[in-house]
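Chains as they are written, first to last, in the numbering used here: chain X, 1 to 731; chain B, 1 to 131.
Take the hints with a grain of salt, since some may be wrong.
Said to hold, decoys possible - Derived SDA-like pairs: lysine to any residue, alpha-carbon spacing no greater than 25 Å straight-line:
| # | chain 1 | residue 1 | chain 2 | residue 2 |
| --- | --- | --- | --- | --- |
| 1 | B | LYS99 | X | PHE704 |
| 2 | B | LYS99 | X | HIS687 |
| 3 | B | LYS99 | X | VAL697 |
| 4 | B | LYS99 | X | ARG522 |
| 5 | B | LYS99 | X | GLU689 |
| 6 | B | LYS99 | X | THR694 |
As the list claims (entries may be wrong) - Footprint (simulated), chain B over chain X, 3 or more residues, beta carbon under 8 Å:
| # | region |
| --- | --- |
| 7 | 371–384 |
| 8 | 400–411 |
| 9 | 615–629 |
What the hints assert, rightly or not - Label-pair distances were calculated between CB atoms; the ranges are:
| # | chain 1 | residue 1 | chain 2 | residue 2 | range |
| --- | --- | --- | --- | --- | --- |
| 10 | B | GLY83 | X | ILE718 | 25 to 33 Å |
| 11 | X | LEU444 | B | GLY85 | 32 to 40 Å |
| 12 | X | MET1 | B | ALA27 | 55 to 63 Å |
No lab work stands behind these hints, which were simulated from the structure alone. For each residue, glycine too, the CB sits at the ideal point set by N, CA and C.
Residue strings, one per chain:
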Amino acid sequence: MEFLLLGIPLVPVLAAPCAAASRRGAWAVALVACGLVVLLLLPFLPALPRGGPVAAEVPWFPDLGVGYRLRADGLGVLFALLVAGVGVLIVLYARSYLHHEPRTSTFFAYLCLFTGAMLGIVLADDLLTLYVFWEGTSLASFFLIGFQDDRWEARQASVRALVVTVLGGLCMLAGFVLLGLVGGTFRLSGLAATSVRDSAAYPWILALVLAGAYTKSAQVPVHFWLPGAMVAPTPVSAYLHSATMVKAGVFLLLRLLPVLGGTELWRAWVVPVGMATFLFGAVTAALQDDLKALLAYGTVSALGLATVLAGTGTEVGRDAAVLYLLNHAAYKGTLFLVAGAVEHETGTRQIHRLRGLARSMPVTAGLAAASVFSLAGLPGGGGFVVKDLAAKALGSGLEVWLWVGAVPTVAFGLRFLQVFLGPGEGEGRHEPVGLWAPAVPLALLCLLLGSWRTLPEAVVGYVGTPHNVWPKVGAGKVAAAVAVVVAGAGVGWLTSRVAGRWRLGWWSGERIFDTLQVALLRFAEQLTHVTLTGRLRDYLVVTLGVAAVGAGLPLVVHARWPAATPVSFEAIFVAVSAGAVLTTVLSRSLLAAVVSLGAVGYTVVFLFMSLRAPDLALTQMLVETVTLVLFLAVVTRLITPEVPDRHPLAGVDLLAAVAVGAVTAGLAWQASAGPPAYRLAEFFAQHAERAGGTNLVNLVLVDFRGLDTLGEITVLGIAALGVLALARRPR
Amino acid sequence: MSTLVLRTVVRVVSPMVLLYSLRLLLAGHDAPGGGFVGGLVAALAVALVWLAFGPPPRDRWWERGVAVGLALSAATGLAAVVGGGPFLGHAILYVGPVKLPTSLFFDLGVYVVVVSATLAAIRSLWEASSP
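So here's chain X without its partners, still in its complex pose (with noise of 0.2 Å):
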């Protein structure tokens, strides 16, 4: 089992690049990697309430306490489930709508790597495992809103998704790592026992956990990049940004509802949020004249409502968020599948322009009233359990918004199915099986989510401790039921009158980004104008300056300098070599220049000579040599020498000459007064028969210091391919 489990998320990760690779099959192998999941987790499910939930690892830096930790919980199961479930759906649906499409084989690679993704996010039982996975999602999120990347719509509105996603997510990551340090271990059910809640941090670890959950699931004012998200196919954005991966915020939520939640500021800080973005996400989606817009902004809405019932912190509001995720993925789905359908067949989204297509569409057109029909919340669909329960959740205060906002909620649902009123116009149209028939089983759901007892409490019991969900249907609520749609029909009228007039303008957020992005990208240039001069005197004394200061200022702040020594014979050798220094500087010829610079070399050579360090000496002399060959038989000729009375820039050059040459010679001052439980020579003159040489210098190289040697060979080597870029003369 526990090897079953975590080779779930794998699957699909796997058959990615099969997809990639295969021509005509690639939608075969994501639906086989789907269904392979589901039958993966079935085994699952009769354990959970009799076992517990099955967990697997594998170390992954064992020393940090991460770990590649999985572990299969009601919750994880059921949204993997949902996942792998919606993803069967999806590939036949998107089999049928991309048959044009000629890169269908990326797609459904991407897709596939998203699969795996999200299965590791819901599966995920530490928090790194699940950071990365969580990355993962926004970057196949990126991939499939820019999937038609030939459009400039698409490509801006997947880097915005991408931007936001990403902040959201780095915020998220230092919160993880704060939470991981303050709870002692970062396993998300090991968190559970211990008391961060009260840890000093904890505003902090809540505002940056927050900041991920917000920006993945659109909450205002970070909406934004969803309704952009829906330049991708249809079935990106009934999948992604509907069904499953902007649910990962709330799921994050629920998540960690019994380390964070609970508290004044947890409501305090989730409930306004979602509140917000629940009512002017179902507002802005009745005034949509797009399809999919309207669909996207009422997403917007239900994630809002998810993050409400989130907040709330309790067991009811825990379940009814459960619930509302899964009623919403069936029913929102559904509309989806159907609004591509629609526009499969039609070539256009707009509402105004679409009228009676129940009558060539009737199988669509049933699916997408049994949605809605869900949607609104009448007694015998899916809705009206979820908000008899959300209503149970808010309690009086804030019950009332519910109503409030479940008024807009009904007019876009209204205004949805308004396409397939009115009379038929619509010849010649027809409704393909493959754009119809994998919404079946998620009207189903949806409905049986409203008649079938036995479902919701399944649902409850696998999330957490069963209890009576179901609603005793009374003439009261059929009848606030009732209301709730005729007042929505009543608001769906006005607003169809205004919708696509109306432009959000500044408020959606959109502005604000491309407005700060283009900023940032002049900044850059300037800043580019600024520093780049094209003049390689400037950049080594930027390079040297800060060089000087960032090893300068430590050296001076926490100095201590050694006894003097007295002055021995070596004092010769320097001497000679400020001599040689004196020489390189003030000469009037580049080959004496070159020639006196050597001397440096050498007399250098003289000093390690009477350290009795030979291995030293050697290399300094070889060099030396090397670099004067160099230098005698090539650069001479390869540059005029030009060597200006005064360069403007002379005084600078020569503090920061002097200044690295200062912070140089005190640092090996400073290295060389160490106390003693830095010298490492003890260590490994101690060790040197185990490594089987009596050179240590060559042991420090090849074996006790390896890893830097191999780092300096690849150094050498980049900087040989350097020098051959360089000296290309231009052709």
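Assemble chain B onto chain X, guided by the hints.
Only chain B this time, still in chain X's reference frame:
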């Protein structure tokens, strides 16, 4: 610079310098030397030949040598992982009476990288500077 004296000297000296570079490489574990120094000496030997007998051939062998050397060094590190040790861990093998530390293979990679990188740099600058 391609004088008769230089050519005569190089003809005798270069092979000996190359041999000496190998000696530096092999003896590095117990005496002054090692892959880095040995590589520099070998590069000098080849550069001498170029100075005496004309410009370096126009091929890309030395650039490839950089990659080969890096791969060799990294591979010795990975071999240790395959053997169950840490990355870049080493052992001492004995072939009959001859001691053969596995770090010698790592050092051989260093040697190849240094020879190749030095000669690649000299050659490309040479080509750029010749009219």
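With the threshold set at 25 Å, check whether the alpha-carbon distance from B:LYS99 to X:PHE704 stays at or below it.
holds, 19 Å
Using a Cβ cutoff of 8 Å, are there at least 3 residues of the region 371–384 of chain X near chain B, or does the coverage claim fail?
Violated: only 0 residues of the region 371–384 of chain X have a Cβ under 8 Å from chain B.
Within the assertion that chain B covers the region 400–411 of chain X, do at least three residues meet a Cβ-to-Cβ distance smaller than 8 Å?
Since 0 is below three, the answer is violated.
Next pair to validate is B:LYS99 with X:VAL697; report whether the Cα-Cα distance is within 25 Å.
holds, 19 Å
Falls inside 25 to 33 Å, the C-beta gap from B:GLY83 to X:ILE718?
With a Cβ separation near 29 Å, B:GLY83 and X:ILE718 satisfy 25 to 33 Å, so the hint holds.
Given hint X:GLU689 paired with B:LYS99 - CA-CA distance at most 25 Å
holds, 13 Å
Has the hinted range 55 to 63 Å been met by the Cβ atoms of X:MET1 and B:ALA27?
Given about 58 Å between the Cβ atoms, the range holds.
Is B:LYS99 within 25 Å of X:HIS687, Cα to Cα?
Status holds; Cα separation ~18 Å.
Go ahead and decide if the range 32 to 40 Å is satisfied by the Cβ distance of X:LEU444 to B:GLY85.
Roughly 58 Å apart at Cβ, these two residues miss the hinted range, so it is violated.
Go check the region 615–629 of chain X versus chain B for me, would you? Three or more residues, Cβ under 8 Å, otherwise it fails.
Holds, because 8 residues of the region 615–629 of chain X bring their Cβ atoms closer than 8 Å to Cβ atoms of chain B.
Hey, B:LYS99 versus X:ARG522, does the alpha-carbon distance stay inside 25 Å?
Roughly 63 Å separates the two Cα atoms, so the pair is violated.
Given the hinted pair B:LYS99 and X:THR694, is their Cα-Cα distance within 25 Å?
holds, 13 Å
Checked against the numbered hints given earlier, the structure breaks hints 4, 7, 8 and 11 and satisfies all the rest.
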